[in-house]
Structures are given as C-alpha cells and as structure tokens.
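Residue numbers (our numbering), protein chains in the order written: chain A, 1 to 295; chain B, 296 to 629.
In case anyone wonders, no lab produced these hints; they're calculated from the structure.
Careful, some of the hints might be misleading.
[Said to hold, decoys possible] Per label pair, the in silico range of CB-to-CB distance:
{"id": "1", "chain 1": "B", "residue 1": "Asp427", "chain 2": "A", "residue 2": "Gly258", "range": "38 to 44 Å"}
{"id": "2", "chain 1": "A", "residue 1": "Gly258", "chain 2": "B", "residue 2": "Leu371", "range": "50 to 56 Å"}
{"id": "3", "chain 1": "A", "residue 1": "Leu155", "chain 2": "B", "residue 2": "Ile611", "range": "42 to 48 Å"}
{"id": "4", "chain 1": "B", "residue 1": "Thr439", "chain 2": "A", "residue 2": "Leu155", "range": "28 to 34 Å"}
{"id": "5", "chain 1": "A", "residue 1": "Ala188", "chain 2": "B", "residue 2": "Val603", "range": "43 to 49 Å"}
Please read all numbers here as calculations on a predicted model, not as lab measurements.
From the three backbone atoms N, C-alpha and C, an ideal C-beta is built for every residue, glycine too.
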Amino acid sequence: MSTGEFQVVGIRPARQQPEELKKKWYQGKPVVSIVILALIAAGCIGSRFVMTKDPAYMDLLHYNLAPNAEFLFGTDTMGRDIFSMIWYGGKISLLIGLLSAAISTVIAVLFGAVSGIAPQWLDTLLMRVTEILLSIPNLLLVILLQAILGKANVLTISLVIGVTGWTSIAKVVRTEVRQIRNSEYVIASRCMGGGFFHILWKHLTPNFVSSIMFMVVMNVRSAIVSESTLSFMGIGLPLEVISWGSMLSLSEKALLGGAWWMILIPGVFLVVTLLCMTNIGNFLRKSVNQKQSNL
Amino acid sequence: MKKNKVQYIGKKVLIFVISVFLLSLITFYISRLAPGDPLVSYYGDRVEKMSPQERERAEERLGLHEPVSVQYVKWLKQAVRGDFGISYKYKKDVLEVIGGRVGNTLVLGGIGFVLIFVLALLLGVLCAWYEDSRLDRVICKVGTVLSCIPEFWLSLLLLLIFAVELRWLPGSGAYTVGKSDDILDRIWHLILPVSIVVLNHLWYYAYMIRNKLLEEVRADYVLLARSKGADKKRILFRYCLRNIIPSYLSIMAISVPHVLGGTYIIETVFSYPGIGTLSYESARYKDYNLLMVLCILSGIVVILCNMVAQAVNEQIDPRIRATEIMQETEETKR
Numbered sequence: 001m002s003t004g005e006f007q008v009v010g011i012r013p014a015r016q017q018p019e020e021l022k023k024k025w026y027q028g029k030p031v032v033s034i035v036i037l038a039l040i041a042a043g044c045i046g047s048r049f050v051m052t053k054d055p056a057y058m059d060l061l062h063y064n065l066a067p068n069a070e071f072l073f074g075t076d077t078m079g080r081d082i083f084s085m086i087w088y089g090g091k092i093s094l095l096i097g098l099l100s101a102a103i104s105t106v107i108a109v110l111f112g113a114v115s116g117i118a119p120q121w122l123d124t125l126l127m128r129v130t131e132i133l134l135s136i137p138n139l140l141l142v143i144l145l146q147a148i149l150g151k152a153n154v155l156t157i158s159l160v161i162g163v164t165g166w167t168s169i170a171k172v173v174r175t176e177v178r179q180i181r182n183s184e185y186v187i188a189s190r191c192m193g194g195g196f197f198h199i200l201w202k203h204l205t206p207n208f209v210s211s212i213m214f215m216v217v218m219n220v221r222s223a224i225v226s227e228s229t230l231s232f233m234g235i236g237l238p239l240e241v242i243s244w245g246s247m248l249s250l251s252e253k254a255l256l257g258g259a260w261w262m263i264l265i266p267g268v269f270l271v272v273t274l275l276c277m278t279n280i281g282n283f284l285r286k287s288v289n290q291k292q293s294n295l
Numbered sequence: 296m297k298k299n300k301v302q303y304i305g306k307k308v309l310i311f312v313i314s315v316f317l318l319s320l321i322t323f324y325i326s327r328l329a330p331g332d333p334l335v336s337y338y339g340d341r342v343e344k345m346s347p348q349e350r351e352r353a354e355e356r357l358g359l360h361e362p363v364s365v366q367y368v369k370w371l372k373q374a375v376r377g378d379f380g381i382s383y384k385y386k387k388d389v390l391e392v393i394g395g396r397v398g399n400t401l402v403l404g405g406i407g408f409v410l411i412f413v414l415a416l417l418l419g420v421l422c423a424w425y426e427d428s429r430l431d432r433v434i435c436k437v438g439t440v441l442s443c444i445p446e447f448w449l450s451l452l453l454l455l456i457f458a459v460e461l462r463w464l465p466g467s468g469a470y471t472v473g474k475s476d477d478i479l480d481r482i483w484h485l486i487l488p489v490s491i492v493v494l495n496h497l498w499y500y501a502y503m504i505r506n507k508l509l510e511e512v513r514a515d516y517v518l519l520a521r522s523k524g525a526d527k528k529r530i531l532f533r534y535c536l537r538n539i540i541p542s543y544l545s546i547m548a549i550s551v552p553h554v555l556g557g558t559y560i561i562e563t564v565f566s567y568p569g570i571g572t573l574s575y576e577s578a579r580y581k582d583y584n585l586l587m588v589l590c591i592l593s594g595i596v597v598i599l600c601n602m603v604a605q606a607v608n609e610q611i612d613p614r615i616r617a618t619e620i621m622q623e624t625e626e627t628k629r
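Chain B extracted, bound-state conformation (with noise of 0.2 Å):
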C-alpha cells in the first residue's frame, strides 16, 4: 500500500514535468517563428536607425543570432537554475516584472472564484428547491442569457453605466494614482471587475449544480428516505447535496484557469495591472522572454488544476478508483 501512494506520487509528478517541459517546447518555438522584432521592444524606435552591424551586436548581445533549438537549450539551463532571463520591454528580471504584478491577478481572480464557489451552490440549491416554479424559471432564463454576454461586453456596458453615465464607480486602474496603500481604494477599483467575473461564470457552475441535484432527487433512495419520514430539507441537504460535492469541487478545480482567463480579459478593459495586462502587452511587443514564463505559468495552473480535479476525484470518489482498476485489468486481460 505504501510502495502504490510513493508510485502513485511519482507518476503524477513525472506527467507534470514532462507537460512543463513539452509545454515549453512548444510555447518557446511558436513565440521564436513569429514575425516582429523583439529588438524593438529593447531598444525602442532606436532601431531603425541602427546601422546591419549595430543590429547584429545587438541581436548577439540578447542570444538571437543562433538557431532556435540552441537558444532553446540555453534558456533551459538558465530557467532550471531559476534564471528567466529579462524582460525586453521592461529591461528588468522577467520574475521582478511578473512579480509585481501576479497579486493584483490573485486579488481579482481569488475573491471572484471564492464568491463564484458560494454563490453558484447557493443558487443551484435554491433553483433545485424550488424546481420548476416561476422563481426557478426566472433564475434560469436570467441566467442563460447573462451567461451568453461575453466578458468584455459586460464590463462595457457596466463602465457605461456605473463609471460614465452615474459615475459611482472608477472606470480603470486598481488604485487612485498616489492611494496604493489604502485598502478601501482598493475594494473600491475591484467592485466592477470582480462583479463582472462573477457574473460571467456563475451561471454556468449555478446551472451545473442545479441539474445534478434534480438527478440526484430522482434517485430511488430519495423515496427510501421520503418513505422514512424524512422532510425534504434534510435529504437534500444531507444526502443530494453530499453526493454531488465531489463532482463539484473537482469542476470547480477544472473551472479556476477559465476563471483566471476571463480575468485575462478584464484586466484589459480595465486596464487592471495584473498578468492578464502583462501577457498582452508581451504578446503585442514581442517581448519573448516574459510571453514564456507568463504561458509557462499559466499552463503549469492547468495542469495543477486538472491533477488536483483528478486526485479529488479518485479520493473521494471511490467508484472512479473503482472502474479505473477495472479498465485497467480489463486492458492487461487484453
């Protein structure tokens, strides 16, 4: 038993190293064949009148004038000890430039998917309770079509209306220029974006549990429990709502790189300086070394999520260990 959990460890660590490491590959061959010149990105406009030689020194001086699959190995030696190298545009170490801005991202991301996680159960109860009555019917028409609003179109007519049109709320930023300290000017600039994040995503795990537990209710046991004497309350709270959590947190692990990639969006609009801002700017100005660590990073949340998704599943869940072993044994039969 022991030997299977180290086994067990090992394999799941090995998957996620040889992603990494594919994932890599991959990111750092598409960024290198693209067209533009990530000199400019150092040097400005500058370029354009260097002189062939100039631009050779310089291209030497920042390693683009060898093979991709050579600066590949370099920059993998480099990563390994933790060196990323440094950021065209920023001119600063590519972790420096990431670091201040990825708690901003967390800040956004973390409380619109602890208030998507509450909410979206709390709904998908409610809608279950009720099944079929108007308020049921209202909640989900409501819902499917706030869940057809793409993210930035939202966030539009939400500026248009609180930051323009009323102007309670400020438009873009995450703090009052000099206010970088004052927490509540800061709840203050989250209010729209992390509402719009909410908004986006929460009618669709809402609707997940609202349909899991009407397959739930027509399980034979919920008559076994009805036929007993239990109320209602009770067998949904105590037995639908405990046999469908470890599907949901398990898609709730699945659902945090959709919810960070919806942030993507948002920050843009709002001009939030967070990763999403940073990976956008790095894409547009070809700025290579930071465009890697940021897709690195997030491909390394996917990959992290969809483990944990996995391994919640199989600890919880013993039928999945269950027809996982059969699969298994059915396939050595073969």
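The following block holds chain A by itself, in its conformation from the complex (with noise of 0.2 Å):
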C-alpha cells in the first residue's frame, strides 16, 4: 500500500502499435476501374475483331429479337445487331468525348493562361465573358450551334461539346496563371525573351496541369454524357451513324414494345464507362480527409 500520493511507477510502457500493414502497390488506385476502361477501349479500338456481324447491316428478317445464341445482346427495331453496335458504337462515342474534351481544354488553357498573364482591365473583360456565356444555358447553345453547323457529325459535335465546355477550367488556369506570373523563373524567361506560348508551355503548365487533371477526365465524361444525351432527343449524331447515344434514341419504340435490351445494354456501358471515369478522376484529385477526426 502506497502512503504518498504520487508513486514513480517508471517508465510508461509503449503502446503496442499494431503492425502497420504495408500497403500493396495497387491499394488505394483505382485498378477495377482502369481495367474494365481498359477492357470496354480495347474492345471498342479492336471494334473489327470483336463484332460478330456487321453493326450498319440491317436485318430485316431479324429485328426486335431479344438476346439469343446468334445475336448476343439482340438487335434493334431496325434489325443490326446490338452486340456489334455496342463495340462499334463504342469507339465513336469515346472518340467523341476526346475530342472534345481536347478541344475544351486547348481553349480553357489559352483563354486562361491570357487571362491571367494580361493586365487587369483585359482580364476583367475576358472573366465577364466568361459569365456571360456562361448564363446561356448549355442545352440551348448545343442546339444553336448544332443548327449553325448543319448535319450532325462526328467533328461537328465533338466541336460544338468542346467549344460549350471549356468555362471551369479556364477559370482554375487563370487563378494559377495569376499566382505564379511574377515568379522570377517566369520574369527571367521573359527577359531572356521567351514568347507567350514558350512560357505558357515551358513554366506555366507544369504548375497548372495536375490541379486541372482532374477535370479533364470529368469533361470527357460530361462531353460523353452530352453526346449520347444529344443524340438521343434527335438532335446530335443521326441514326445511322452509330453511337451508344443514337442507339439509345431508339428507346421510344423499344419502350412501346418492352424491348428491355435495346434500352438497357447500351445504357449500361454507357453506365459503366461513365462509373470507371469518375472513380479515375476522383482519384486523381487530391485527397482530403486525410486527418483523424476531431469529433
């Protein structure tokens, strides 16, 4: 029994900590997602050796057949088989969504990374711009462009999606554009003569591209969206040429008659695709959260 209220006790113990678990090298990386991406491109790129029919044939004595031996996933109202399609129709509209998120980030990185490099009055100018299309709702552009351009291919509307979506990048090059423009790297590039484009490319992107990375990948999954949204109210890609967007526009028929695979084959890998994106992106953005809570 102690007499005193203190009592050396000696050296506290060390907490057992358990052994931390050393993380493989695919934990925490979306590898699912980058497989099945991988899977559903290869198979869209090597379209030629997958199809079992030809997508564009119309059958007339097979149409609205439900998936069977010889035609996998079925065929449409207009007899093509929906399993080439699918393949077919898939390279189209990942082209599409490319593209156009090609086109959309050339746009954001010149408009922003001038933006930000101009003077104050020129920058506000541009940003007001920017708003001001911004407030023109996105279907409606689409729409009036799309009428200016005429019949629907696949340049016009990656053109179309690319030149509408460009906006929210832009606005994250110019705010890193404005932070690192009078750096002295970018003052001594400058001196030494260097051109716009030298510095945009050489000094400027490399500190911008990994906070735009994300979006990126988002906008090919928006420019997607938009295509197969488009083109199935009838107003993008027409019906013949084939992408999951305008098979999809089948779907009124296909609903008349119950025809469940018309609707839900190609809208699963749409589904999927679109899946895989996200969780790439989110990935890609930097991770928060990485504190214990406090509560």
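Given two chains presented individually in distinct reference frames, assemble the corresponding complex, making use of the accompanying hints.
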C-alpha cells in the first residue's frame, strides 16, 4: 500500500502499435476501374475483331429479337445486331469524348493563360465574357451551334460540345497563372525573350497541369453524356452514325414494345464507362481528410 | 454607409442589365445565322408551293428581309415595351405561349429543388455523422453510381420498370386528358419526373455537404468544444453545420439553373408540357421569337442566381467581404 499521493511507477510501457500493414501497390488506386475501362476501350478500338456481324447491316428478317445465341445482345427495331453496334458505336462515343475534351482543354488553357497574364482591365473583361457565356443555357447553346454547323457528324458534334464546355477549366487555369506569373523564373524567361507560348508550355503548364487533370477527365465524361443526350433527343448524331447515344434514340419504340435489351444494354455500357471515369477522376483529385477526425 | 449600399445595388443592376443585353444580342445573332426556314414553322408545308413573289411578301410581313442588325434594333424596341412578337408555330403572342407552360416547369423544378435541398442536407449530415462506417461507404458508393447515370437514361429505365412493365405510374404528360384540374392526377403524373430530378442531382450536393462537414470536423474549435465537454450532436449541429450553411446556400443558388437544365431533358423524355419541351420544339422548328425569349429567360435565371449566390456569401460570411476589400486595396496600391 502506498502512502504518498504520487508514486513513481517507472517508464510507461510504450503502447503496442499494431504493425502497420504494408500497402500493396494497387491499394488506394482505382485498379478495377482502370481495368474495366481498358477492356471497354480495347474492345471498341479493336471492334473489327470483336464484332460478330456488320453493325450497319439491317437484317429485316430478324428485327426486334431478344438476346439469343446468334444475336448475343439481341437486335434493334431496324434489325441491326446490338452486340456489334456496342463495340462499333463505343469507338465513336469515346472518340467524341476525347476529342471534345481536348478541344475544350486547349481553349481553356489558352483563354485562362491569356486572362491570367493580361492586365487587370482585360482580365476583368475576359472573365465577364465567360460569365455571360456561362449564363446561356448549355443545351440551348448546343442546339443553336448545331443548327449553324448543319447536319451533325462526329467532328461537328465534338466541336460543339468542346466549345461549350471550357469555362470552368479556364477559371482554374487563370487563378493558377495569376499566382505564378510574377515568379522569378517566369520573369527571367521573359527577360531572355521567351514568347507567350514558350512561357506557357515550359513554365506555366507544369504548374497547373495537376490541378486541371481531374477536370479534364470529368470533361471527357460530361462530353460523352452530352453526346448521348443530344443523340437520344434526335438533335445529335443521326441514326445511321452508330454511337451509344444514337442507339438509345430508338428507345421510344423499344419502350412501346417492352424491348428492355435495346435500352438496358447500351445504357449499361455507357454508365459503366462513366463510372470508371469518375473513379479515376476522383483519384486524380487531391485527396482530403487524411487527418483524424476531432469529433 | 447608406451611399455605399445604393452604389452596391446600382452596380449590381448595371451589371445585370448589360449582361442581359449582351445575352440577347448573342442569341439573336446566333439564331438568325442558323440555317433553316422560319417560314416553314409559320406557314407549314405551304411554303414549298409558294412563288418567289409570295415568299418575298411573306418574309416582309414577318420582317425577315432586313439585315440582322436592323431586325435586332426593331426587336429590342418592341421588347422594351413588352412586345416580344408572336410565335411562328403557335401563332400566338410569345408571352402567352410561355405563360401557359411555365407553371408546369416551375412545379416540377420547384418540388425537385426543395426535395434536393432538404434530402442533400440530411444525407450529408448522416454520412458525416457515421463517417467511414459501413453505412457511409454504402451510401457513397450508391451515390457515385447514381450521379453517373445520365438523366435521360435514368428516365428510360424508370419508365421501363414502372410505366411499361409494372404499369404503376403514367409515362407521359402532366395530366390525364380531360382531367387537367384534378390535383391528385397531376401529382400522380409528377412522381416519376420529380424522382428523376432528385435522384440525378441529389448526390452531388449531399457529397459536398459531407466533405465540407468532414473538413469542418477536423478544425481545432471542435477539439476545444470536445474538451469542454460538449457532446457530438451539439458540436455537429450547432457549430459545424452552422459554419457550412452559407456556402451551401450559395451553391444551392447556383444549382438552380442546373436543376432547371435537368428538367428540360426530363420534360422532353416524358413529353411533359413545360418550358423544356417548348424550347426543344422552338429550336427544332426555328421559331425565332419564342427561342429568343426562352434563351433570355433562362439566361436571366442563371444571372440572377449567380448574383444571389454572391450576395448571400457577402452578407452572411464577412470573411469574403474582408478578402475582397483586401484585394481591392491591393489593386489600388498597384
């Protein structure tokens, strides 16, 4: 029994830390998404080897068939084989996504960099212009542009979607550029006679590339969504140009006949692709909440 | 101080007017540049049988023969007086056509918006409360999947399940023919479109609330409150939630146009008689006057919402005012 209030009990034994599990290389990375996306992309690029039928051939004897051994995913109301169309049309959907994301990224980087480097008044003007552009409803803008460019094909529709989807990236680029435009290395490069594009490419881009990467991936995603929505509504790609969206534009007839495969199968491919892209995009975004909660 | 307030409001109004003016100018030019024959929407198929002289007279009557700039000035003069011309397709005053439809869209979008607002808050708080538990993870996964589904496909899917296979809910329109005054019937028709509006946008905002709360929960004041003995519920609801409400309000103000844009697509899928189907039709049939007004109306909503968001931020959160003042002084220094 101790008499004093305090008692020396020696050094407190170190708390047994559970041995930290060594993280495997794949942990915390969206491996599943990458693999699925790669599979879909590979199937679409090599659609020639995957397809069992000619995707554009209208087999009038076998229309509106449910999935069976010959037509793996069934046929649509025009007698085309959905299995072949998925791979063939996926190529076009993915292509439009990549192309329009590329277009909007180029516009955004140029616009953002100019706005970031420009003097105050020009910067304000440019930002006001983007705000007004933002205020035109996207859907209406696309419809209008589409009307000007005439009958839609892969190129015009990528252009339309790309031209309407760059504002948010441009804003991020502008902020980043404004932060670094007065850095010593940028000034030095200017003094040595570096042109706008030289500075943009060599000094500015490496600084903001990580912060817009996430947005670029999301842009691919939203471009695919826009394309399919437009084609579905009948103001995008025509029926003859096969894409996931234009396949779904037949769905009103499919609904009447209860032909679930015509709606479900292209949609599932679409959604899975989008989901994989979202997961990859979220991974690219800087992760937060690493700290322990205080609550 | 009073003078500042007047100046502040005046500046906002000025920006608003300039934006709307530019918006109308841009849409006017784009819509006139677009190919396609507005005469067709007015006269229907008769246009093809018209002789060149008749065509000319028809164009003159509709004022389509003048250069675009003259047309614009004319349009603007009339618009200021509240006369936006007639819809070529419906052959009625544009405002009348829109007035007949706008209520339906407001009901659909309004109910959807309120539901999103409340449910996102609840879901976000729920996820933050049970952070990293199984419930939180399941909700996050389901939410991510839901937010990836394009709204038109979700509509198709639900239509296929509930309207075609099960035949529980109606698949199109805003009411059964001949029952336009029956409120129950209208609600019945609203169930599917509203749930799609909500499902499509819900997770984006709920996830935002969750992340903002989780950031907030890691602040030092939470530790202080804990050490003082406040319990979890009190801290989360009284302190943390209060801190994120301003940014939530401003983001919800910005979200109005997004929700509205979503209803446009859903309306066309369900052939719901609202602004969305109207703008889709007017763009397809080159109904210029109608399209212009619809574009400008949607644009005004966007601009107004952005302004509201800004104002909310400035009024509620003094930090933003402070940073702005700092920026301004910095700029004047330069």
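Hints versus structure:
| no. | hint | in the structure |
| --- | --- | --- |
| 1 | B:Asp427 with A:Gly258: 38 to 44 Å | holds (43 Å) |
| 2 | A:Gly258 with B:Leu371: 50 to 56 Å | holds (52 Å) |
| 3 | A:Leu155 with B:Ile611: 42 to 48 Å | holds (47 Å) |
| 4 | B:Thr439 with A:Leu155: 28 to 34 Å | holds (32 Å) |
| 5 | A:Ala188 with B:Val603: 43 to 49 Å | holds (45 Å) |
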